[in-house]
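Q: Residues in the sequence shown are numbered from 1 upward in steps of one, following the UniProt record's numbering.
No wet-lab data here; the hints were simulated from the structure.
This one's a predicted model, so the numbers in the text were calculated from it and none came from an experiment.
Any given hint might turn out to be false.
Claimed, not checked - DEER-style ranges, computed between Cβ atoms:
| no. | residue 1 | residue 2 | range |
| --- | --- | --- | --- |
| 1 | 79 | 100 | 23 to 33 angstroms |
| 2 | 231 | 79 | 28 to 38 angstroms |
| 3 | 104 | 263 | 35 to 45 angstroms |
The C-beta atom is built at its ideal place from N, Cα and C for all residues, glycine as well.
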Amino acid sequence: MSDPTRPKGPKIIAVANQKGGVGKTTTAINVAAALVELGKTVLIVDIDPQGNASTGLGVDPDARTRTTYDLILGDAPLSEILMETKSDRLYIAPSTTDLSSADIEMVANERRSFLLHDALRQPAIDAYAFDFVLIDCPPALSLLTVNAMVAAHSVLVPLQSEFFALEGLSQLMLTIRELRQTANPTLRIEGVVLTMADRRNNLSQQVENDARAYLGDLVFQTVIPRNVRVSEAPSYAMPVLDYDPNSRGAEAYRALAQEMLEPKVPVGA
1 MSDPTRPKGP
11 KIIAVANQKG
21 GVGKTTTAIN
31 VAAALVELGK
41 TVLIVDIDPQ
51 GNASTGLGVD
61 PDARTRTTYD
71 LILGDAPLSE
81 ILMETKSDRL
91 YIAPSTTDLS
101 SADIEMVANE
111 RRSFLLHDAL
121 RQPAIDAYAF
131 DFVLIDCPPA
141 LSLLTVNAMV
151 AAHSVLVPLQ
161 SEFFALEGLS
171 QLMLTIRELR
181 QTANPTLRIE
191 GVVLTMADRR
201 NNLSQQVEND
211 ARAYLGDLVF
221 QTVIPRNVRV
231 SEAPSYAMPV
241 LDYDPNSRGA
251 EAYRALAQEM
261 LEPKVPVGA
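Based on the provided sequences and hints, a complete structural model is requested.
A: Structure, rendered in structure tokens:
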């Protein structure tokens with residue numbers, strides 16, 4: 001059965017949450033790796049000035065001669081920015097701290113909210129036959145994050161299983177709703193994934209219960225557990241699926257990727 005929400009060309013997903021430390025980059029890297037295991041070809045677009053997704057996939061800072069800064073500002077085409085990773089069919093458009101000033105430089109552009117949208121729809125991208133493009137966003141509702149949501153078909157929201165987890169989520173939902181009304185009418189929520197969960201912990205379980213009560217079917221059934229292997233993998237510049245394929249974290253990200261491939265009824269913000 002085909003997914004009626006599946007767009008032609010690569011499906012573009014913004015991985016976003018304005019709160020830092022929720023496992024956003026970890027989720028982007030490991031969902032991408034899990035999709036590759038399932039036979040998909042995936043591009044990660046790193047638009048976080050910290051460049052953690054780039055580092056986590058083994059891209060040396062000195063090798064980032066062309067980055068998403070150049071892509072967004074129109075100084076270089078996607079073909080000059082893409083880099084291969086150690087995993088076949090997994091590519092990355094890396095970032096550096098140069099992106100920190102991108103918001104200021106974008107403001108004067110009339111299409112400032114559409115720059116990434118246009119860059120990811122260059123005809124040359126078709127040659128790579130990407131199935132998915134995952135945009136790793138900065139931990140802020142900045143112009144960079146807005147660009148990601150305007151460029152994307154959907155938003156994947158990692159939500160840490162901790163106190164105050166749901167605080168701030170309403171602002172993200174409001175931003176998505178506003179963008180649907182103004183710049184990207186087909187934008188939808190891919191889903192909310194609970195991260196760093198310990199189901200033996202009462203607080204973690206309460207956060208999960210509250211999230212499911214508040215967000216209903218928007219919350220993925222798959223929950224990403226707190227797992228030391230997931231935390232260790234970035235220091236070895238690899239996804240946890242490569243670092244420890246049999247770990248609980250790796251199995252959870254495989255389950256999440258599989259769940260993402262299941263056809264769903266479109267859900268609004």
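Q: Each hint: holds or not?
A: These are the hints, each one checked on the structure:
no.: 1; hint: 79 <-> 100: 23 to 33 angstroms; verdict: holds (25 angstroms)
no.: 2; hint: 231 <-> 79: 28 to 38 angstroms; verdict: holds (34 angstroms)
no.: 3; hint: 104 <-> 263: 35 to 45 angstroms; verdict: holds (42 angstroms)
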